[in-house]
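Enquirer: Listed below, chain by chain, are the residues.
Number of protein chains: 2
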Amino acid sequence: MIATLINGHAGGGIDSADRGLQYGDGLFETIACRDGAPRWLALHLERLQQGCERLRIAFRDVDLLRAEIRGLAAGQQRCIVKVIVTRGTATRRGYAPAGDEQPTRIVSRHDWPQPPGRADAGFQLGFSSVTLGTNPLLAGLKHLNRLEQVLAQMQCDAAGLDEVLMLSSAGQVIGGSMSNVFFADDSGLFTPELSECGVAGIMRRLVLQAAGRHGSGVCVRLVEPSELATVREAFLTNVRWGLQSVRVLQGRTLPSDAYAQQLRGLIDAAHA
Amino acid sequence: MIATLINGHAGGGIDSADRGLQYGDGLFETIACRDGAPRWLALHLERLQQGCERLRIAFRDVDLLRAEIRGLAAGQQRCIVKVIVTRGTATRRGYAPAGDEQPTRIVSRHDWPQPPGRADAGFQLGFSSVTLGTNPLLAGLKHLNRLEQVLAQMQCDAAGLDEVLMLSSAGQVIGGSMSNVFFADDSGLFTPELSECGVAGIMRRLVLQAAGRHGSGVCVRLVEPSELATVREAFLTNVRWGLQSVRVLQGRTLPSDAYAQQLRGLIDAAHA
Chain A
11 MIATLINGHA GGGIDSADRG LQYGDGLFET IACRDGAPRW LALHLERLQQ GCERLRIAFR
71 DVDLLRAEIR GLAAGQQRCI VKVIVTRGTA TRRGYAPAGD EQPTRIVSRH DWPQPPGRAD
131 AGFQLGFSSV TLGTNPLLAG LKHLNRLEQV LAQMQCDAAG LDEVLMLSSA GQVIGGSMSN
191 VFFADDSGLF TPELSECGVA GIMRRLVLQA AGRHGSGVCV RLVEPSELAT VREAFLTNVR
251 WGLQSVRVLQ GRTLPSDAYA QQLRGLIDAA HA
Chain B
11 MIATLINGHA GGGIDSADRG LQYGDGLFET IACRDGAPRW LALHLERLQQ GCERLRIAFR
71 DVDLLRAEIR GLAAGQQRCI VKVIVTRGTA TRRGYAPAGD EQPTRIVSRH DWPQPPGRAD
131 AGFQLGFSSV TLGTNPLLAG LKHLNRLEQV LAQMQCDAAG LDEVLMLSSA GQVIGGSMSN
191 VFFADDSGLF TPELSECGVA GIMRRLVLQA AGRHGSGVCV RLVEPSELAT VREAFLTNVR
251 WGLQSVRVLQ GRTLPSDAYA QQLRGLIDAA HA
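So the sequence lines, in the order shown, correspond to chains A and B. Per the numbering used here, the very first residue in the first sequence carries number 11; after that it's consecutive. Per the numbering used here, the very first residue in the second sequence carries number 11; after that it's consecutive.
Calculated directly from the structure, the hints in this document are not laboratory data. It is possible that part of the hints are untrue.
A pair counts as met if it fits within one copy or between any two copies, since identical chains are not told apart.
[Claimed, not checked] Below, simulated SDA-like cross-link-like pairs (lysine to any residue); rule was C-alpha separation at most 25 Å, straight line: (1) Lys152 to Asp196; (2) Lys92 to Ala180; (3) Lys92 to Ala108; (4) Lys92 to Gly104; (5) Lys152 to Pro125; (6) Lys92 to Arg103; (7) Lys152 to Gly18; (8) Lys92 to Arg102; (9) Lys92 to His224; (10) Lys152 to Gln60.
Take these sequences, add in the hints, and give me the full structure.
Expert: Encoded structure:
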């Protein structure tokens, strides 16, 4: 059931001179769709536009894009719509954009994937040996430079884990290879700050909001790997999984998933 | 005079599900061609194959690729041939490759670009504020994740510099945004080591070889930005520029280009 629109047209290919291919010069969004409609679409489009501003990609067709996403989601009980916006076909050679490129817009619909095998029993989470390079100019963005995540997921597959935690090159815990992470200990909930690397996920934002409004909040801070030996709860977030409890963290079974249960309820109620 | 072959066929487009576009999951080479032939082709193909091995891209069509590069260079007095090899069209969604992808091979011919305005008088070189994230698994590779270079070159354009020097996130000098860099002081020649980030350039390799065989060698080591205040000579390398002397480094005019002159002669003689 894959369907793809490229600049509004069904099918066709991408120019091999597109800077998205040449340099990873673009951004993407992965949107969860239920009951014929994209969820949290405004937040996805806001992040995409902020990313375009930071990379100085002159993307103006947000209204067209919104309509295309809704069109692909319509009539589908459950699907994923992926959006890619690149700076467009290069109008000169070399890393520096000329400034007159016309952004490329790709919107594709995909089946909702099956969860990993052990998902019902809670995830098994371990550390990846693949680290994340730091760059404050790119941190938080869902850009197309994703080789580190590709390498980490290869490892995840090989190790039989459901997801892997990645550290920054500076040694801090950043998040999963395709998710953000939250932890709880006696001091409450905390999650890595992402000013040096990592992707600022939509579900992470919803969790921060829900916990701030209705709970005791989340401390956003540097997280050392050594801290994880004493956490009582951990959960992963992305728009497909929602809040996915971690049952086994580095071989240790965690005793609680109380925060995840409470926050799931709050987020569902707010977005019902 | 652009001509492009995609998996051996002229023209056409790239599948929007190609992992090269989706994640920057691939590699490239930029090959200088003179008098109808690609220069240092064996070195380019060797680096490409080593990159494929490190990323576990099952690229086997090196003989076809070699023939295509030669075909595009034939009859051209001077041109650039760019090669991209990606892991291929995704056969499942997500960062982890399925393992059965068929690599995509893109070979394109481009005009030899005009050098920057001040090139005859020697380059002006300054520091970029864009840093390079470190990752030993990707260091040295000419992979498709190039957003940091794109951002740095935007800055270079804006600052009126011919090239910018980039530091790693750990604060060491790594190289230019599209070149490697060599320095000389009273102790002799030195160049940044690239085990944490940067691209191991073909011309860099030729310089190391020539200086090792016929000169007093090059010290490959960590380079601190503070050291550049006392260097007597600096030059940049890539296969298009060869050895490009730096005339002005961070506003200071350098007194010498003796090493560059000597090494240019040695490399030309070895590859005449």
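Enquirer: Decide, hint by hint, whether the structure agrees.
Expert: Do the hints match the structure? See the list:
For a Cα distance limit of 25 Å, the shortest separation of Lys152 from Asp196 qualifies neither inside one copy, at 32 Å, nor across copies, at 46 Å. Taking the shortest alpha-carbon separations for Lys92 and Ala180, neither the intra-copy value of 31 Å nor the inter-copy value of 34 Å comes in at or below 25 Å. In this homomeric assembly, Lys92 and Ala108 come within 25 Å of each other (Cα to Cα) only across copies, at 19 Å, whereas the closest approach inside a single copy is 27 Å. Taking the shortest alpha-carbon separations for Lys92 and Gly104, only the inter-copy value of 11 Å comes in at or below 25 Å, while the best intra-copy value is 28 Å.
For the identical chains of this complex, Lys152 and Pro125 are intra-copy neighbours only, at 22 Å inside a copy versus 34 Å across copies, given an alpha-carbon limit of 25 Å. Proximity of Lys92 to Arg103 under the C-alpha cut-off of 25 Å is restricted to the inter-copy arrangement: shortest distance 10 Å between copies versus 28 Å within a copy. In the homo-oligomer, the alpha carbons of Lys152 and Gly18 lie at most 25 Å apart inside one protomer (22 Å), although the nearest pairing across protomers, at 33 Å, exceeds that limit. In this assembly of identical chains, Lys92 and Arg102 lie within 25 Å of each other by CA distance solely across copies; the values are 13 Å between and 28 Å within a copy.
With identical chains, the CA atoms of Lys92 and His224 are never at most 25 Å apart, being 31 Å at best within one copy and 55 Å at best between copies. Only within a single protomer do Lys152 and Gln60 lie at most 25 Å apart by alpha-carbon distance; the minimum there is 10 Å, versus 28 Å between protomers.
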